[in-house]
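A.B. asks: On the provided structure of chain A, position chain B as indicated by the hints.
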Amino acid sequence: MKYKFEIILVIAVIAFIGIFLCTDAQMKTSGEEGWGGSDGVGSEMLEAQGYEPWIENSDYTFTPPSGEIESCLFALQASFGGLLIGWIFGSWVTERRLKKNSN
Amino acid sequence: MHIMEGFLPSPWWQIWWILALPCLVYGLYKLKKLLDENRELLPLLGVAGGFIFVLSALKLPSVTGSCSHPTGTALSAITFGPWITCVIGFIVLLFQSLFLAHGGITTLGANVMSMAIIGPVAGYFVYKALDKINFNFFASIFIAAFICDIVTYCITSLELALAFPATSGGFLPSLAAYLGVFAVTQIPLAIIEGLVFVVIFKYIIILKPDLLLKLKVMSEEKMKQLQEMMTE
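Chains A and B, in that order, are what the protein sequence lines are. Quick note: the first sequence uses the working numbering, first residue 5, plus one each step. Quick note: the second sequence uses the working numbering, first residue -7, plus one each step.
No lab work stands behind these hints: they were computed from the structure. Heads up, some of the hints might be wrong.
To be verified - The calculated DSS-like cross-link candidates involving lysine-lysine, where the alpha carbons are at most 25 Å apart (straight line), are:
1. B:22 / A:8
2. A:32 / B:120
3. B:206 / B:124
4. A:8 / B:24
5. B:25 / B:51
6. B:24 / A:103
7. A:6 / B:214
8. A:8 / B:25
9. A:6 / B:216
10. B:214 / A:103
11. B:124 / B:208
12. B:120 / A:103
13. A:104 / B:51
14. A:8 / B:214
15. B:200 / A:103
16. B:120 / A:104
17. B:206 / B:24
18. B:22 / A:6
19. B:25 / B:120
20. A:104 / B:206
21. B:120 / B:51
22. B:206 / B:194
23. B:24 / B:200
24. B:120 / B:22
Isolated chain A, as found in the complex (with noise of 0.2 Å):
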């Protein structure tokens, strides 16, 4: 099997998303609220508990100024990973193609 490993990764994507759409109905029938960041649980568990943080992010230095934004830069932040990812890998394979042809 050539692909085994894919395949693999495939199946557990799909069953990810699977259980992920059954997670979603469940809670939209109980009328839940969800799908935060799970630092946001955490910090909200805190909250819950009377703990004021003592410093903000706004405090000092520049905060995405709405989702939209902050959406963007997260999107900046993959793509740029993504390029480098993708060029480098790109030149292996282009170096090996060379390489056999050569020979």
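C.D. replies: Below, chain B alone, put in the same frame as chain A:
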């Protein structure tokens, strides 16, 4: 996995910064030495960093009804070791805390400790141990990547539990509560991440096996066996 800015009181954020700094300095020293000796490892370093950038930007929904993201540190930890991973992880976390308001400068020490130091250290040693007993290579990669990811979130829980022990019962119930939020959410993501890195390592073995030999990720014999297995 970030502890948000302001959510670690003194002295905890200072303690984690003090623990993280020597690792970071040692990592920079190791990185410089590695690149002085071997410029051709630079692309692999780029790929390793790229994965941390991409995967830590992917916020995925999980079984507990909240979202979290993979860490992507496994490739770097297994190939370059935990110290160089510490440097790359630091850069990613710094970017996120400065531009995305995820984590912060005071909690950066604690976040670097969990994602870029202890997680990769755990994954690295698990991989080395499995390699020594000649365990199946791809299974070892899967386990090591899983460990890198899950340990990160366990350490985040530990950091919060140490700083905020529960009023009744103290440290342990608090740890259990945070593990319930962070680690349980992370289990499915860690499985996917493990599988992604198995595929990535497969392609590195096909395209650039000499880099893995140079970094002593595995012995030459083992590499030959794997290559034979894949050409069948």
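A.B. asks: For each hint, tell me whether it holds in the structure or not.
C.D. replies: Right, here's what the structure says about each hint:
Taking the CA atoms of residue 22 of chain B and residue 8 of chain A, the gap is about 36 Å. The hint is violated against a cut of 25 Å. Restraint check for residue 32 of chain A and residue 120 of chain B: not satisfied, since their Cα atoms lie roughly 45 Å apart, outside the 25 Å limit. As the CA atoms of residue 206 of chain B and residue 124 of chain B are separated by approximately 17 Å, the hinted pair is consistent with the 25 Å bound. This hinted pair does not check out: residue 8 of chain A and residue 24 of chain B have alpha carbons roughly 38 Å apart, beyond 25 Å.
Restraint check for residue 25 of chain B and residue 51 of chain B: not satisfied, since their Cα atoms lie roughly 35 Å apart, outside the 25 Å limit. This hinted pair does not check out: residue 24 of chain B and residue 103 of chain A have alpha carbons roughly 30 Å apart, beyond 25 Å. For the given pair, residue 6 of chain A sits about 19 Å from residue 214 of chain B by alpha-carbon distance, which is consistent with the 25 Å threshold. Among the hinted pairs, residue 8 of chain A with residue 25 of chain B is inconsistent with the structure: their alpha-carbon atoms are about 38 Å apart, more than 25 Å.
For a cut-off of 25 Å, the pair hint linking residue 6 of chain A to residue 216 of chain B stands: about 17 Å separates their Cα positions. Taken as a hint, the residue 214 of chain B and residue 103 of chain A pair is honoured in the structure, with Cα atoms around 23 Å apart against an allowance of 25 Å. Taken as a hint, the residue 124 of chain B and residue 208 of chain B pair is honoured in the structure, with Cα atoms around 12 Å apart against an allowance of 25 Å. The straight-line distance between the Cα atoms of residue 120 of chain B and residue 103 of chain A is roughly 32 Å, outside the 25 Å bound, and the hint therefore fails.
Simply put, residue 104 of chain A and residue 51 of chain B have alpha-carbon atoms about 40 Å apart, too far for the 25 Å limit, and the pair is violated. For a cut-off of 25 Å, the pair hint linking residue 8 of chain A to residue 214 of chain B stands: about 19 Å separates their Cα positions. For the given pair, residue 200 of chain B sits about 12 Å from residue 103 of chain A by alpha-carbon distance, which is consistent with the 25 Å threshold. Between the alpha carbons of residue 120 of chain B and residue 104 of chain A the distance comes to roughly 33 Å, so the proposed pair goes past 25 Å and is violated.
A threshold of 25 Å between alpha carbons decides the hint, and for residue 206 of chain B with residue 24 of chain B the separation of about 16 Å falls inside it, so the pair holds. Distance hint between residue 22 of chain B and residue 6 of chain A is unfulfilled; the C-alpha atoms sit about 37 Å from each other, more than 25 Å. As the CA atoms of residue 25 of chain B and residue 120 of chain B are separated by approximately 22 Å, the hinted pair is consistent with the 25 Å bound. Between residue 104 of chain A and residue 206 of chain B, the direct Cα distance comes to roughly 22 Å. Compliance with the 25 Å bound is thereby established for this hinted pair.
Distance check on the hinted pair: residue 120 of chain B and residue 51 of chain B sit about 30 Å apart at the alpha-carbon level, beyond 25 Å; violated. The straight-line distance between the Cα atoms of residue 206 of chain B and residue 194 of chain B is roughly 17 Å, inside the 25 Å bound, and the hint therefore holds. Restraint check for residue 24 of chain B and residue 200 of chain B: satisfied, since their Cα atoms lie roughly 22 Å apart, inside the 25 Å limit. As the CA atoms of residue 120 of chain B and residue 22 of chain B are separated by approximately 19 Å, the hinted pair is consistent with the 25 Å bound.
The structure is inconsistent with the numbered hints 1, 2, 4, 5, 6, 8, 12, 13, 16, 18 and 21, although it conforms to all the rest.
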